[in-house]
Amino acid sequence: MIKKGFLSLCIAFALFTGFIFFPNAWIKAWISDEDVEQAKTNMSPLVFQGTYLQERMLQEPNSMPLYGSSELNRFDPFHPYNYARATEAPYSTFMVGRGGMQSITHFLNFAAQEKNLKDKKVVFIISPQWFTAKGMGEFHFSPNYSMLQAYDLAFNDEMDANLRKRAMERLLEFDTVKRDRLLKTMYQYQMSNGKKNPITGRMAMIAGRFHKELLEKKDLYYSLFPRKGHKLKSNDTLIANQTFDQQVQAAEAYGKKRVSNDYMIENRAYQRLVNANFSKFKGMRKQEDYTKSPEYEDFQLVIDVLKDAGAKPLFVSIPVNGYWYDYNGYPEERRHQYYDKMAQVLKDADVSYVDFTDHEYDPYFIMDTIHIAWKGWVYLDREMDHHWAQSK
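No gaps in the numbering here: position 392 of the sequence shown is 896 in the working numbering, and each next residue is one more.
Be aware that one or more of the hints could be misleading.
Unchecked claim - Derived pair list, reagent style SDA-like, types lysine to any residue, alpha-carbon separation capped at 20 Å:
1. K761 to Y865
2. K682 to R670
3. K735 to A590
4. K721 to W530
5. K790 to K735
6. K716 to M663
7. K796 to E642
8. K624 to G826
9. K784 to A773
10. K811 to A773
11. K624 to N566
12. K816 to Q894
13. K796 to A637
Derived by calculation from the structure, the hints in this document are not laboratory data.
Model the full structure from these sequences, guided by the hints.
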């Protein structure tokens, strides 16, 4: 029994040692272009929270990634991924985002990919519902947080020092980060320019670098087994060889088949609201105000890291469903205060942006209560074409 136990221990140690010291270059050689293509649409947190697959995607010269949250998995024939393929656009796209991802998680992702963002054209969708009074909460932060990207930030010496300190200070407000004593020590050490607990801090940096390398190895192994791509719901005949107006008409017809209520909500989503006791949603947003939120500072981190990286972003300000928000008690006047403030933020930042917020009552632009789709995608497709064609 003792011999068997010792043998098992030796085997386990050998496997662990092999896992640690197996050359990264060999693992990368096993990750095919087909695996990378599949990862573009699988909407997996393993892709969003990792670095290697995104690195491969960003290194494709004609890629223009699309960042956002839960709207990105609303696939239909007009979705940017399907549009680019159907029209043989000069660019390809991939999506980074899922429900609960907001500015601070996107900041971490951009920070980890800075070296791959130089002169890269990217598209970033801004969701109004991010800008609540409390901003990003632990409930959404924790499942979307990337430990690898957070550790990478501690060793990102090329980033503007002040920007990095601002980000670390913000990240330390989340329990998920504070509970990681090693990461917390590294952040505090760097925020103090090495003055706080210098010996402990230096030791933490040594241990942190080793831990980061383990996380990178783990990411590579996960990348060997990508999930299957999302169901795309493509229909090239609605897109290919069609003018913009024809695509709009096709999207309206597509949406009309799927909406039969006064709130312009896709029928299945509407039925879920009915099943959840529809009347409880009446007036539920009377006190909400998207003009005051800590999310604005998080969003400024996104703007600043993209500038620091030398990227060429297009920001997209989208509306909510006006019919639904009227029922929720969030008045149109107050919504427009948010829309105007966001436009001013983008203007002051001197970044390229497109403002779709005058479409909140436009049928089939929003597919449910908050998610752009159908006709909204058609408008975004056109703006992505324009952004790609711009030389600067």
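For each hint, the structure was consulted:
1. For the hint pairing K761 with Y865, the CA-to-CA distance comes to about 18 Å; that is within 20 Å, so the pair holds.
2. For the hint pairing K682 with R670, the CA-to-CA distance comes to about 16 Å; that is within 20 Å, so the pair holds.
3. Pair hint K735 plus A590 holds up; C-alpha atoms about 16 Å apart against a cutoff of 20 Å.
4. For the hint pairing K721 with W530, the CA-to-CA distance comes to about 11 Å; that is within 20 Å, so the pair holds.
5. Between K790 and K735 the CA atoms are separated by roughly 37 Å; this puts the pair beyond 20 Å, and the hint is violated.
6. Annotation: proposed proximity of K716 to M663 holds, straight-line Cα distance about 18 Å (limit 20 Å).
7. For the hint pairing K796 with E642, the CA-to-CA distance comes to about 19 Å; that is within 20 Å, so the pair holds.
8. A distance of roughly 34 Å separates the Cα atoms of K624 and G826; the hinted pair therefore is violated under the 20 Å criterion.
9. Note on K784 and A773: the hinted pairing holds, with a Cα-Cα distance of about 16 Å set against a maximum of 20 Å.
10. At most 20 Å may separate the alpha-carbon atoms for a hinted pair to count; K811 and A773 exceed this at roughly 38 Å.
11. At roughly 9 Å between alpha-carbon atoms, K624 and N566 fall within 20 Å of each other, so this suggested pair holds.
12. Pair hint K816 plus Q894 holds up; C-alpha atoms about 10 Å apart against a cutoff of 20 Å.
13. This hinted pair checks out: K796 and A637 have alpha carbons roughly 6 Å apart, not beyond 20 Å.
Of the numbered hints listed earlier, those contradicted by the structure are 5, 8 and 10.
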